[in-house]
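Colleague: Chain by chain, the residues run as shown.
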Amino acid sequence: QQQVKQSPQSLIVQKGGISIINCAYENTAFDYFPWYQQFPGKGPALLIAIRPDVSEKKEGRFTISFNKSAKQFSLHIMDSQPGDSATYFCAASIGGSYIPTFGRGTSLIVHP
Amino acid sequence: KAGVTQTPRYLIKTRGQQVTLSCSPISGHRSVSWYQQTPGQGLQFLFEYFSETQRNKGNFPGRFSGRQFSNSRSEMNVSTLELGDSALYLCASSLGAGANNSPLHFGNGTRLTVT
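Sequence lines, in order, name chains A and C. Oh and the first sequence: position 79 is 79 in my numbering, straight run, nothing missing. Plus 1000 on top of the position in the second sequence (first one is 1) and you've got my numbering.
Just so you know, the hints here were simulated from the structure itself, not pulled from any lab data. Hints are not guaranteed to be accurate.
Derived CB-CB ranges, DEER-like [said to hold, decoys possible]:
#1 C:Gly1028 - A:Ser7: 34 to 40 Å
#2 A:Val54 - C:Gly1016: 48 to 54 Å
#3 A:Asp53 - C:Thr1014: 48 to 54 Å
#4 C:Ser1022 - A:Met78: 37 to 43 Å
#5 C:Glu1052 - A:Pro40: 32 to 38 Å
From the derived model, a few chain A residues whose C-beta atoms are all more than 10 Å from chain C [said to hold, decoys possible]:
#6 Glu26
#7 Pro82
#8 Val110
Yeah, the Cβ is synthetic: ideal placement off N, Cα and C, and Gly gets one too.
Let the sequences and hints guide you as you build the complete structure.
Modeller: The structure is reproduced here in structure tokens:
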């Protein structure tokens, strides 16, 4: 049973455009929602994370939007750049658990 | 601080053989977890160790095992290799106890190919 559903599986965006990746979860006990970014040949790295007591968190061009009632959260990449081309994973975990549940990933390609 | 180090980076093995992968966590991190990454399944959790004890286990057969040493370094072993075991194996470390939701720090993985 996949507890975190991520879409789309792949995404192609033009340079300067907005990239949007969506995730939905089922377990209402989740209380921490990180996003990881993975470049080819590298391991995933934490990009940004949010807790359900806020509806939005912004760090530079990256924004997480969180909708607790809908059990959904999304990553928005503003002014997308070719250097943003990577695979993005959303995840969710429960406080006290050190093992996040990952979405299946989104391969983002930003064309110059 | 040095990051998470995984060795070797690449391995080619034959069906039926066994393999051992190694992971050195970030200094001070006591939790080490292992993931299998494949194009179709994404990141699949294998197991997590903390203070030399397996604390969590994913849904993988008993051919997959691991251990953690007193210095927090960890090894993962896969016995009787199958073609389907070909994947990128990622190790991640975190602070563990007393640090709820501490982020995972991943190594660059070991690419295992089974022929």
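Colleague: Indicate, hint by hint, whether the structure satisfies it.
Modeller: Here is how each hint holds up against the structure:
| no. | hint | result |
| --- | --- | --- |
| 1 | C:Gly1028 - A:Ser7: 34 to 40 Å | holds, 37 Å |
| 2 | A:Val54 - C:Gly1016: 48 to 54 Å | holds, 52 Å |
| 3 | A:Asp53 - C:Thr1014: 48 to 54 Å | holds, 52 Å |
| 4 | C:Ser1022 - A:Met78: 37 to 43 Å | holds, 40 Å |
| 5 | C:Glu1052 - A:Pro40: 32 to 38 Å | holds, 34 Å |
| 6 | Glu26 | holds, 16 Å |
| 7 | Pro82 | holds, 22 Å |
| 8 | Val110 | holds, 20 Å |
Of the numbered hints stated above, none is contradicted by the structure.
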